[in-house]
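K.L.:
Just so you know, the sequences run in chain order W and A. In this text, residue positions in the first sequence follow the working numbering: the first is 3, and each later residue adds one. In this text, residue positions in the second sequence follow the working numbering: the first is 293, and each later residue adds one.
These are computed hints drawn from the structure, not numbers from a lab. Among the hints, a few may not be true.
Pulled a few chain W residues facing chain A out of the computed Cβ check, cut under 7 Å [what the hints assert, rightly or not]:
| # | residue |
| --- | --- |
| 1 | PHE27 |
| 2 | PRO41 |
| 3 | ASN42 |
| 4 | ASP53 |
| 5 | LYS70 |
| 6 | TYR99 |
| 7 | PRO179 |
Where a beta carbon is used, it is the ideal one built from N, C-alpha and C, also for glycine.
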Amino acid sequence: MQLKEILPGLCFFKPIIFIICLLPFAFFVSGAINQQLGPNPVESMIRGFGDWAFYFILIGLTISPARKLFKLNWLIQYRRMIGLFAFFYVCIHFSSYIWFDQYFDVVKIIQDIIKRPFIAIGFISFLMLVPLALTSTNKMMRRLKKNWGRLHKLIYPVSILTLLHYFMMVKADYLVPGVLLVILSILLGYRLIQIIQK
Amino acid sequence: MSIIIKTARTHNLEQGIKPSEITSEFAYLNRRDFIKQSGILAGAAWAGGLSLPAMASDAEYGDDFKGLIKTPYGKGESLTSFSDATTYNNFYEFGTGKKDPAANAQEFVTEPWSITVEGEANKTGTFHLEDILKHAQMEERIYRFRCVEAWSMVVPWVGFSLADMLKRFEPNSKAKYVEFETLYDPKQMPGQKRRVLDWPYRDGLRMDEAMNPLCFMAVGLYGRDLPNQNGAPIRLVVPWKYGFKNIKSIVKITFTEHQPVCTWNTTAASEYGFYSNVNPDVDHPRWSQATERKLGSNFWEPKTKTQLYNGYGEQVAHLYKDMDLTKYF
């Protein structure tokens, strides 16, 4: 038996992945407490959480192709955790905007969402993720049967909207969102090819 | 022992000064002698006569300019720390990240430096920077600085009046605008290796704006030579306009009859107008301009309300009195 097959079977493996997924969160929280987030800590934290939300979406989208291509069946047991971490980072991204950027001024937040397309699109992708998080339990999986899979295909439009949100925020330098676009295109393209082949 | 110099020009800045308190021209012109006689430096005189604005810590203040004249500009403002003002910069020539300029500009060579003057003026040509600086009367002015991205800082700039410099080139009657250009040198400025913007960076002012006494050519900050990431060796500071109008590392000045090309305006005209005056009522399409985040403020400090013309309306509002500010943003 190879190491890659033994490792995931060990009971401590899942908690370790869980803790690793929390590291970006810990980094920003400790940075905020120790004043190490630079001259504009609020911006740095909101952007950081947003970045990680998208990275987790990408990691989540990598699991199925990686599982099939490299025959790593055990990977599937991490898909829910990764997806929920994506939702977690979206939530703290959105709530740190509400808290530290808008200081809970509901009128201003609504105005911001209506007036600024990039915020509106980010907000829509957040709303689309909510049903996915709510139906992530085993119970809901069983209850929804085939519809569960259909519902969770929402992650594809969410991933596109989230990247669009990033592109629209950028002023002139599209290098980083451009690289993310290439990665996302590969991940979604893989699925498109699968559909066509069927 | 102290003297306080108050001019009509600075009158607006210090509310509550009676006309009788304004220093007479004679006293003003002789202030140097007076200071010499008193045996103290101008800076010390100011420190004695006025309570200076909340200073960045003394350790952050440099001593690169001897006999620097402190002015009443920005009195009472609390300064952004030197480290914040020099590590959070938009200077795309050195990279688009806020930390990139401080990281990538350290090897930038600013000596020798010359500025080419072209266009509608009698004295055009290429001038060595030291020849330009020879005439300049170095002073410190504390200005609020408001970036279009809704963050702001307060910086003690060292430099001289833009109008004084421009007048020496003797612009003619056709000079309606003045255009500035940043150095283009991809070998030294790694950010220029990619066409993020339409290099070289250019920006400009209407002539009457440029001649406003607030316009400042900065060659230093916090008593130190201008750090490379802040636009060394010489940059423009126009405190009532968004930061990107404050063009850095200037190598060319052109007097023109027609409105000059401005880099950000050509990149996205709907977002960055030619005037780009700070205005809380004209929102940028992607972010509100109503408030601003002061650099160095923590999570619990509310954002500051942005003021029309960044609070310099008394000095500059007349320049735009019949203009629709939502159209000419």
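K.L.:
Now tell me if each hint is right for this structure.
P.N.:
Each hint tested on the structure:
1. A cut of 7 Å between beta carbons decides the hint on W:PHE27: the least distance to chain A is about 15 Å, and the hint is violated.
2. Restraint check, W:PRO41 versus chain A: the minimum CB separation of about 4 Å is within 7 Å; hint holds.
3. About 6 Å separates the beta-carbon of W:ASN42 from the nearest beta-carbon of chain A, less than 7 Å, and the hint is met.
4. Hint on W:ASP53 is violated. Least Cβ distance to chain A is approximately 13 Å, over the 7 Å limit.
5. At its closest, the beta carbon of W:LYS70 sits 37 Å from a beta carbon of chain A; the interface hint therefore is violated under the 7 Å criterion.
6. A distance limit of 7 Å between C-beta atoms decides the matter here; for W:TYR99 the minimum to chain A is near 12 Å, and the interface restraint is violated.
7. Given hint, W:PRO179 at the interface with chain A, is violated; its Cβ is 12 Å from that chain's nearest Cβ, farther than 7 Å.
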